[in-house]
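Engineer: Sequences are here, hints too, so could you generate the full structure?
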Amino acid sequence: MRRLHLFEFEDFPWFPNWLRDYGTDFLRAISDRADYYEHIIPIMNEVLERSNESTFIDIASGGGGGWEKILRRLIRSKPEVKVVLTDLYPNHAAFAKLESKFPEHVTRCAYPVDALEVPPCLRGVRTQFMSFHHFEAQDAQQILANAVAQCSPVLIVEAQERNVFNLLKFIALSPLSVWLVTPGIRPFKWRRILFTYLLPIVPAYLLWDGLVSVCRTYTLDELLDFAYRADPDQAYIWEVGKTESRLMPVCYLLGYPVENHSDSPSGTFKTSAP
234 MRRLHLFEFE DFPWFPNWLR DYGTDFLRAI SDRADYYEHI IPIMNEVLER SNESTFIDIA
294 SGGGGGWEKI LRRLIRSKPE VKVVLTDLYP NHAAFAKLES KFPEHVTRCA YPVDALEVPP
354 CLRGVRTQFM SFHHFEAQDA QQILANAVAQ CSPVLIVEAQ ERNVFNLLKF IALSPLSVWL
414 VTPGIRPFKW RRILFTYLLP IVPAYLLWDG LVSVCRTYTL DELLDFAYRA DPDQAYIWEV
474 GKTESRLMPV CYLLGYPVEN HSDSPSGTFK TSAP
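Residues 234 to 507, numbered by this note's numbering, are exactly what the sequence shown covers, in order.
Just so you know, the hints here were simulated from the structure itself, not pulled from any lab data.
In this text the structure is predicted, and so the values were computed from the model without any measurement.
Where is the CB? At the ideal position from N, CA and C, for every residue including glycine.
Possibly wrong hints are sitting among the right ones.
Claimed, not checked - Calculated pairs, SDA-like style, for lysine to any residue (alpha carbon to alpha carbon, straight line, at most 25 angstroms):
#1 Lys330 - Gly417
#2 Lys330 - Ala262
#3 Lys330 - Glu271
#4 Lys475 - Arg462
#5 Lys334 - Asn278
#6 Lys302 - Pro249
#7 Lys402 - Gln383
#8 Lys475 - Arg236
#9 Lys402 - Ser287
#10 Lys402 - Arg266
#11 Lys302 - Pro312
#12 Lys475 - Phe248
#13 Lys315 - Gln383
#14 Lys334 - Arg235
#15 Lys311 - Leu321
#16 Lys315 - Glu369
#17 Lys302 - Glu332
#18 Lys302 - Arg462
#19 Lys330 - Leu413
#20 Lys475 - Gly417
#21 Lys315 - Gly357
#22 Lys311 - Val491
#23 Lys315 - Glu301
#24 Lys330 - Pro312
#25 Lys334 - Ala262
Stated by the list, open to error - Here are the in silico distance ranges between beta carbons for each label pair:
#26 Met481 - Arg305: 15 to 25 angstroms
#27 Asn278 - Met481: 21 to 31 angstroms
#28 Ala405 - Asp466: 42 to 52 angstroms
#29 Leu431 - Arg305: 46 to 56 angstroms
Structural biologist: The following block contains the structure:
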């Protein structure tokens, strides 16, 4: 299936912040319930060990979806682990909620952070969960190049694949899941109820953005090609792979500086089977 970089409503600066937050709140709720990232935890532990880091800098965090369960698992083996939540359009309420649950482990970045030019002061393993597809090819490559230029390890994770089956599955499940999950989203807001059920703007925009997300998602080969182009000096070890969650495959790209792992040759490119 050919990649189509159509528009997503939440990417536009004029899109209302409160409506964008309702969308990221839903994505956080559904990812926490589905537990997409259970099998990514060993990879996250691996990159911390290989890079001698204890902090994740989460780029394009949205509503912080997935991090609650991720942190509960990571803390068991690495009690010192920390995460800094960032976004170009921060969902401050969602960030604050996660920070209150993990005050010793979560910090929120109060100012907007551009994924293409992450401030050098944000040091750690850079992660992106379900956000890399938002960027066109040139920008996606720039995100990796920026990480390489600052010697920052990077982990890109997408809990979907670009194919017709995923499109059909999304069409079938998206509106229903929004209607079922919304009553349990906290904090409870009457306006959220209004624009989900009586004036169903939220499920409509999430359906469109979700379908476009599938069409935008990069394949493993495309991710590896971005890594190759972003790292012409072969200063990084790169790995792509796919793990199986309960509902769908989870694809990832992992990269870290060679100097942090001396037993692998420079410019190593690997693939991992599901």
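Engineer: Lys315 and Glu369: Cα distance at most 25 angstroms?
Structural biologist: violated (29 angstroms)
Engineer: Is Lys330 within 25 angstroms of Glu271, Cα to Cα?
Structural biologist: Cα-Cα ~21 angstroms, so holds.
Engineer: Starting from Lys302, check that the Cα of Arg462 is at most 25 angstroms away, please.
Structural biologist: violated (34 angstroms)
Engineer: Is the straight-line distance between the alpha-carbon of Lys334 and that of Arg235 25 angstroms or less?
Structural biologist: Violated, at roughly 41 angstroms.
Engineer: Compare the distance between the alpha carbons of Lys330 and Leu413 with 25 angstroms, and conclude whether the hinted pair is satisfied.
Structural biologist: holds (22 angstroms)
Engineer: Taking only the CA atoms, is the gap from Lys315 to Gly357 under or equal to 25 angstroms?
Structural biologist: Roughly 9 angstroms between the alpha carbons, so the hint for Lys315 and Gly357 holds.
Engineer: Just tell me: holds or violated, for the beta carbon distance of Met481 and Arg305 against 15 to 25 angstroms?
Structural biologist: Holds, at about 21 angstroms.
Engineer: Could you check the hint for me, namely that Leu431 and Arg305 are 46 to 56 angstroms apart, CB to CB?
Structural biologist: Check failed, 36 angstroms falls outside 46 to 56 angstroms.
Engineer: Checking one constraint from the list: CA of Lys402 to CA of Ser287, max 25 angstroms. Satisfied?
Structural biologist: violated (37 angstroms)
Engineer: Quickly compare the C-alpha distance for Lys302 and Pro249 to 25 angstroms and report which way the hint goes.
Structural biologist: violated (29 angstroms)
Engineer: Quick check on a hinted range of 21 to 31 angstroms for Asn278 and Met481, using CB atoms only.
Structural biologist: Given about 22 angstroms between the Cβ atoms, the range holds.
Engineer: Does Gln383 sit within 25 angstroms of Lys315, going by the straight-line distance between their CA atoms?
Structural biologist: Since the Cα atoms of Lys315 and Gln383 sit roughly 19 angstroms apart, the hinted pair holds (cutoff 25 angstroms).
Checked against the numbered hints given earlier, this structure breaks hints 6, 7, 9, 12, 14, 15, 16, 18, 20 and 29; the rest are met.
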